[in-house]
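Protein sequences, first through last, are from chains W and P.
Quick note on numbering: the first sequence equals residues 1 to 250 in UniProt numbering.
Quick note on numbering: the second sequence equals residues 1 to 250 in UniProt numbering.
Calculated from the structure, these hints are not laboratory results.
Don't take every hint at face value.
Any copy, or any two copies together, can satisfy a pair, since identical chains are not distinguished.
Unchecked claim - Each computed BS3-like pair below joins lysine-lysine, with the alpha-carbon atoms no more than 27 Å apart: (1) Lys228 with Lys102; (2) Lys209 with Lys102; (3) Lys25 with Lys226; (4) Lys228 with Lys88; (5) Lys102 with Lys88; (6) Lys23 with Lys102; (7) Lys25 with Lys102; (8) Lys226 with Lys88; (9) Lys25 with Lys228.
There are 2 protein chains.
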Amino acid sequence: MSNEVVTAAMLAIGDELLSGRTKDKNIGHLADILTAVGIDLEEVRIVPDEQDRIVEALNALRARYDYVFTSGGIGPTHDDITADAIAKAFDVPCEHDARAMKIMGDNYAARGIEFTESRQRMARMPRGSEHIANPVSTAPGFHIGNVYVMAGVPSVFQAMLDNVLPTLRVGQQLLSRSVNCPFGEGTIATALRDIQAAHPDTIIGSYPKYENDRFSTELVIRARDKEKLIAAETAVRNMVEGLSASQLGR
Amino acid sequence: MSNEVVTAAMLAIGDELLSGRTKDKNIGHLADILTAVGIDLEEVRIVPDEQDRIVEALNALRARYDYVFTSGGIGPTHDDITADAIAKAFDVPCEHDARAMKIMGDNYAARGIEFTESRQRMARMPRGSEHIANPVSTAPGFHIGNVYVMAGVPSVFQAMLDNVLPTLRVGQQLLSRSVNCPFGEGTIATALRDIQAAHPDTIIGSYPKYENDRFSTELVIRARDKEKLIAAETAVRNMVEGLSASQLGR
Numbered sequence: 001m002s003n004e005v006v007t008a009a010m011l012a013i014g015d016e017l018l019s020g021r022t023k024d025k026n027i028g029h030l031a032d033i034l035t036a037v038g039i040d041l042e043e044v045r046i047v048p049d050e051q052d053r054i055v056e057a058l059n060a061l062r063a064r065y066d067y068v069f070t071s072g073g074i075g076p077t078h079d080d081i082t083a084d085a086i087a088k089a090f091d092v093p094c095e096h097d098a099r100a101m102k103i104m105g106d107n108y109a110a111r112g113i114e115f116t117e118s119r120q121r122m123a124r125m126p127r128g129s130e131h132i133a134n135p136v137s138t139a140p141g142f143h144i145g146n147v148y149v150m151a152g153v154p155s156v157f158q159a160m161l162d163n164v165l166p167t168l169r170v171g172q173q174l175l176s177r178s179v180n181c182p183f184g185e186g187t188i189a190t191a192l193r194d195i196q197a198a199h200p201d202t203i204i205g206s207y208p209k210y211e212n213d214r215f216s217t218e219l220v221i222r223a224r225d226k227e228k229l230i231a232a233e234t235a236v237r238n239m240v241e242g243l244s245a246s247q248l249g250r
Numbered sequence: 001m002s003n004e005v006v007t008a009a010m011l012a013i014g015d016e017l018l019s020g021r022t023k024d025k026n027i028g029h030l031a032d033i034l035t036a037v038g039i040d041l042e043e044v045r046i047v048p049d050e051q052d053r054i055v056e057a058l059n060a061l062r063a064r065y066d067y068v069f070t071s072g073g074i075g076p077t078h079d080d081i082t083a084d085a086i087a088k089a090f091d092v093p094c095e096h097d098a099r100a101m102k103i104m105g106d107n108y109a110a111r112g113i114e115f116t117e118s119r120q121r122m123a124r125m126p127r128g129s130e131h132i133a134n135p136v137s138t139a140p141g142f143h144i145g146n147v148y149v150m151a152g153v154p155s156v157f158q159a160m161l162d163n164v165l166p167t168l169r170v171g172q173q174l175l176s177r178s179v180n181c182p183f184g185e186g187t188i189a190t191a192l193r194d195i196q197a198a199h200p201d202t203i204i205g206s207y208p209k210y211e212n213d214r215f216s217t218e219l220v221i222r223a224r225d226k227e228k229l230i231a232a233e234t235a236v237r238n239m240v241e242g243l244s245a246s247q248l249g250r
């Protein structure tokens with residue numbers, strides 16, 4: 001752990017996410033995991049299975065953030081074009097990786113399944129890539145430069161991410177505390193703004209919920225310094241309790 | 001309905017989506033609804049509550065697509081900065097809208113709640129905006145140019161979207177048919193690639209599922225022309241049935 005801030009972006013690839021046919025589950029998972037280890041996810045983009053769009057988004061994101069994680073488009077079918085797009089973005093050839101061919105060939109042979117040309121497509125990666133092991137279904141993901149290319153199927157994405165995590169540089173974790181507030185944002189906004197102003201090294205967020213015809217709020221305090229976190233959390237709790245007492249008394 | 005293609009992007013705004021604290025529900029909903037009415041969602045971005053980042057993403061998206069839909073950041077608290085950011089992107093002042101002040105003021109008065117400065121923040125919008133009615137909690141969203149600014153709370157986002165939909169220009173709907181395939185992608189990839197090549201005016205997608213230690217696939221055929229859709233669907237179904245018969249026979 002260090003004092004530095006390490007940043008990341010996610011690029012989710014797939015027509016099915018944009019048509020609504022598939023509801024993404026990888027963004028929220030990646031966000032949870034990166035937050036837990038001390039990497040700040042700062043941007044997400046979802047783009048269709050089109051090479052130019054993938055290349056453009058990837059180049060924008062990899063130039064800006066320490067890490068980029070992609071999901072989707074690395075299977076054996078014709079619409080799986082992520083490996084070619086990543087190779088194009090890095091201006092290197094996309095070719096069958098010898099070690100991936102061996103791992104996958106051995107696996108198919110052991111299962112008595114033919115290692116067809118289509119299946120061999122999954123061994124293609126940009127020249128210079130390193131593998132991301134896939135304990136679920138063998139065909140590896142890969143990383144090249146600061147880009148980590150993983151499957152879209154959530155169980156495979158998660159398993160690949162688990163293998164990537166220990167290799168990443170992490171920053172100082174952004175700590176967070178949450179305070180449930182039974183009042184809507186309109187009731188607390190002025191007091192909360194003043195608390196934020198008095199605690200400049202914290203980030204105080206207000207997340208409204210609407211249930212049973214009424215609003216309540218989840219107040220989230222985040223900071224890299226634990227003492228500052230607690231000081232701001234205490235101020236928020238005091239504000240909410242003071243308000244509850246005054247509402248009870250009226 | 002027309003023959004033209006109408007495109008859209010979504011900009012989801014909020015630190016909570018990037019920290020994992022909130023799992024987005026609006027992207028998938030917007031994708032479903034736009035697909036149903038014949039608007040193609042072509043890109044999604046998620047950015048934090050930072051003015052420069054919102055402005056940059058919004059300007060990129062609104063220049064490129066027919067419509068941009070945003071979610072989040074229009075509440076009364078200090079971290080709700082979407083209205084200001086949109087105004088900055090359009091280079092117009094962000095100011096209290098007289099009609100919004102009246103609607104909201106009347107509503108709070110009827111409920112015996114003070115219309116505080118914080119609550120009045122929700123009546124602020126870029127000069128020249130038009131309202132998006134909010135039947136759930138009164139404070140309106142707004143649209144300016146081709147940008148539609150809506151709440152992040154899913155029930156409010158959905159209600160606002162319902163009010164926006166009838167005002168949008170729509171294109172020819174992308175029709176779709178789905179074929180469940182009991183085989184993994186490796187088994188069907190070559191045949192599927194040939195079907196795609198023989199049906200160039202359709203988009204054939206392959207979506208792997210992994211359950212109970214085995215892969216299956218959902219094959220989705222999309223086209224704007226119904227006859228071409230059905231021809232490609234028939235080819236896909238014949239391929240899957242032929243494969244099933246040959247597997248049973250061996």
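Evaluation of the provided hints:
In this assembly of identical chains, the alpha carbons of lysine 228 and lysine 102 never lie at most 27 Å apart, being 53 Å within a copy and 41 Å across copies at closest. Taking the shortest alpha-carbon separations for lysine 209 and lysine 102, only the inter-copy value of 25 Å comes in at or below 27 Å, while the best intra-copy value is 52 Å. Taking the shortest Cα distances, lysine 25 and lysine 226 never come within 27 Å of each other, neither inside one copy (31 Å) nor across copies (31 Å). Taking identical chains as interchangeable, the C-alpha atoms of lysine 228 and lysine 88 are never at most 27 Å apart, the minima being 46 Å within one chain and 32 Å between chains.
Within a single copy, lysine 102 and lysine 88 get their C-alpha atoms as close as 25 Å, which meets the 27 Å cut-off; across copies the closest is 55 Å, which misses it. For the homomeric pair lysine 23 and lysine 102, neither the shortest alpha-carbon distance inside one copy (34 Å) nor that between copies (39 Å) is at most 27 Å. Within a single copy, lysine 25 and lysine 102 get their C-alpha atoms no closer than 31 Å, and across copies no closer than 41 Å, so neither meets the 27 Å cut-off. In the homo-oligomer, the alpha carbons of lysine 226 and lysine 88 never lie at most 27 Å apart, since the shortest distance is 44 Å inside one protomer and 35 Å across protomers.
Taking CA atoms no more than 27 Å apart as the test, lysine 25 paired with lysine 228 passes in neither setting, with 33 Å inside one copy and 32 Å between copies.
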